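Novice: Given next are the chains, with one letter for each unit.
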Amino acid sequence: MVWAPDWPIVAARQHEKLPADAPLVLVEKGLVFAAAASARAEGVTRGLRLREAQSRFPGIIDRPYDPALDSRAFEPVLTAIEELIPGVQLLRPGMCAVKVRGAAQYYGGEKAAALTVIARVNEIAASDARVGVADALFTAVHAARSTIARDPRSRASHVRVVAAGDSAAFLAPLPLTVLEEPHIVSLLSKLGISTLGEFAHLDRTDVRVRFGEPGARLHALASGRDPQAFVARTPPLDLDVVLDFEPALDRVDQVAFAVRSRADDFIDALMRAQLVATAIRVELDSESGEVAERVWLHPRSFSASDVVDRVRWQVQGSNLIETGLSSGISRVRIVPETVDEIGHHEIGLWGSGLEPRIHHGLSRVQSMLGHGGVLVPSIEGGRTLSSRQRLTAWGDRSVAERSPQRPWPGALPDPLPGTVFSSRHAVHVFAADGTAVAVDERGQVLAPPARFSTSDSRSRSLTAWAGPWPLAERWWEAGSSGPSWRFQAVDDTGCAWLLVLDSGGWWAEARYD
Amino acid sequence: MSYAIDTLEHMFEYEQVSPVSASAASATAEVFSAERSGGGDRGSGGVASAVGGSLSAAERVAELQARIGQMQSRTLSSKLIPTHPVIASLLPGGGLQQGSVYSVDSSAMLLMTLLAAPSAAGSWCAVVGVPEFGIEAAQRFGVHLERLVLVPHPGDQWLAVTAAIADVVDVVVARPPRRASDSAVARLASRLRQRKSTLLMVGSWPQSEAMLSLGESRWHGIGEGHGHLAAREVTITVTSKNAGRPRSARVWLPDTAQTVRSYSAADSPAASDSAPPQLRPVPHRVSA
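Residue numbers (numbering that gives the first Met the number 0), protein chains in the order written: chain A, 0 to 512; chain B, 0 to 287.
Rather than coming from a laboratory, the hints here were simulated on the basis of the structure.
Since we're looking at a predicted model, the values are computed, not measured.
C-beta: ideal position from N, C-alpha, C; glycine also.
Don't take each hint at face value.
To be verified - Okay, the calculated beta carbon distance ranges per label pair:
{"#": "1", "chain 1": "B", "residue 1": "244", "chain 2": "A", "residue 2": "408", "range": "48 to 54 Å"}
{"#": "2", "chain 1": "B", "residue 1": "192", "chain 2": "A", "residue 2": "425", "range": "42 to 48 Å"}
{"#": "3", "chain 1": "A", "residue 1": "492", "chain 2": "B", "residue 2": "263", "range": "22 to 28 Å"}
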């Protein structure tokens, strides 16, 4: 068992490049998730509210907790340990298990093997690694934990070896709380049992009868028989494709041409692993050090030309995709973000669900116009016309944020306008005497509208009108424009309009045509 | 009517007159008279007046030739796609044809009515170059959104995009940003014929099979400061390149139940405006 204490702190410190004694505090949902040793010395503990922690030690540096960062930072450590001892099981970021039997023979003893691992981990991660050696995972975890209490100066004290068969004796004095099962533990302590040894003394059958399967599992742990088997992880295949450009490329077609050949390798490598990619991440590094990354989804699975298209769209950058790169591209990295068994994506004998012909044709249009050129509509909940329609690029998954099934009081009655202007047009609406029509704060129209004109056409007289219907959305937000008033009006050509009056004036939002 | 057409089809396909051909000529005459009187409420006064003298002999010959031409082209190449019955009765050939171009007035509701029937029958539809296409209204008109694709801004490549989409999608709506050259028009037309997809052009378009336009429209349910837009009656006029006279019909687009149907004298504007809404039988909601 190899344990790097305070791993979240170590990982965040590496990421932020902070000094080792920085009082770093990781915050999750307003509570302290982890605190560096220097902060803990000032009384900042886990579970404290951030404000409270700041009052105890004003100098703390607080950062949001990012579990992905933990795992990412632990990956090189795992790789390094795998180089020393094959077969590593990751328990959680910061903690992993290895089989010590073979390594002990190779390195000349369990302790020597442990010291080798500690030296390597400390070298890579600048942490304070601990090792516990025991028969079972649970015992080994607590053997590693128990090294904290010992003398921190000697390197050898970072290792605790529990001899074979001594697990139960080692665990016996530990308090029940290490079982991390508060419900059963509190019940046991009410029964007068306070240590693992006392718990292990109970009859196994009795425990199973009283506490069921979870209790039986805890009982096995307490007696040093961890039922959890050691499963070495399979080292992940490296399917990423990285292209370095020297000198940096500044033209889209150059990048696309360079990616073309490697995209074939990328898909071939996936195919050999019997996988297909349903989502890829493309990372672009520019010469000046900027990084633009985006995840691209595919309704079916990526082919080589699809990958090239995605890279090209990302380099081109349209209004949907912000690349924000200002200099030449020095590096392209393509990572399979989501992969699936190839068997799930074979085209059936009679074709697959989504008509492939349609997909090919629309993808071709997409490669002409860019990813956001071909859109699939869907309806969302909302009160204004524009908020009710949602457009998703062909191939992307549409994620509806608001359900259209809910009642949306204030939404327009049927029939709905067939033409919804993508940007509403400014208009002028006049009363019969030529003054602009306004609505008072009680929602009364001051003078009935009689004529209206758009900026580019002659004025039309109105034959019928209805309204105003007030619409006050998100009035509590600072940036909201206040209430707006909606009107329906029919002009003398028989065309009906949806007009809106807000603090910015009159607008034509849609046309019934 | 279908009997007569079958007879003619038989003639064209087998190049001989079938045994029933003895009655073919009279049957064809019946077709025309039936069609005329069927369109009698369009105000033309029926077959009697049309034949009787309002049309000159030359016009009549031209019209009959045009009809024969339509029947010919229909039997040889094109099939019809599902079309809303109200509009189908106005169109030459009795519906929208595969592989043809139609010009449609800039009316979103008319477009949606045209898209709804093929969409409901399982076809894919695409709208190219119309960024303000109201999606929710389209859904209410019966267009299936899961089979609708939008290309709001095709830019300069609109012809190439329209052609590429027409390769795979059955019904395409497009709005040309400018006039296309004659050769481009011809290329697009031949591609459509080959791929058997129907193109609805917003605005005028050369070589279109027919032009659908909206005439005088009248909204119901809205007054001077009260009510709200509820229903609209409008005249749809179809001008086709073969048939001589434009045909038109007064339709509800839409009526108060959000459906499109032909306007009949029973629901006169005066009644629907002033009187409370009349009860109408709604077939699928009838219960015992």
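Novice: List, from low to high, the hint numbers that the structure doesn't satisfy.
Specialist: Violated hints: none; all satisfied.
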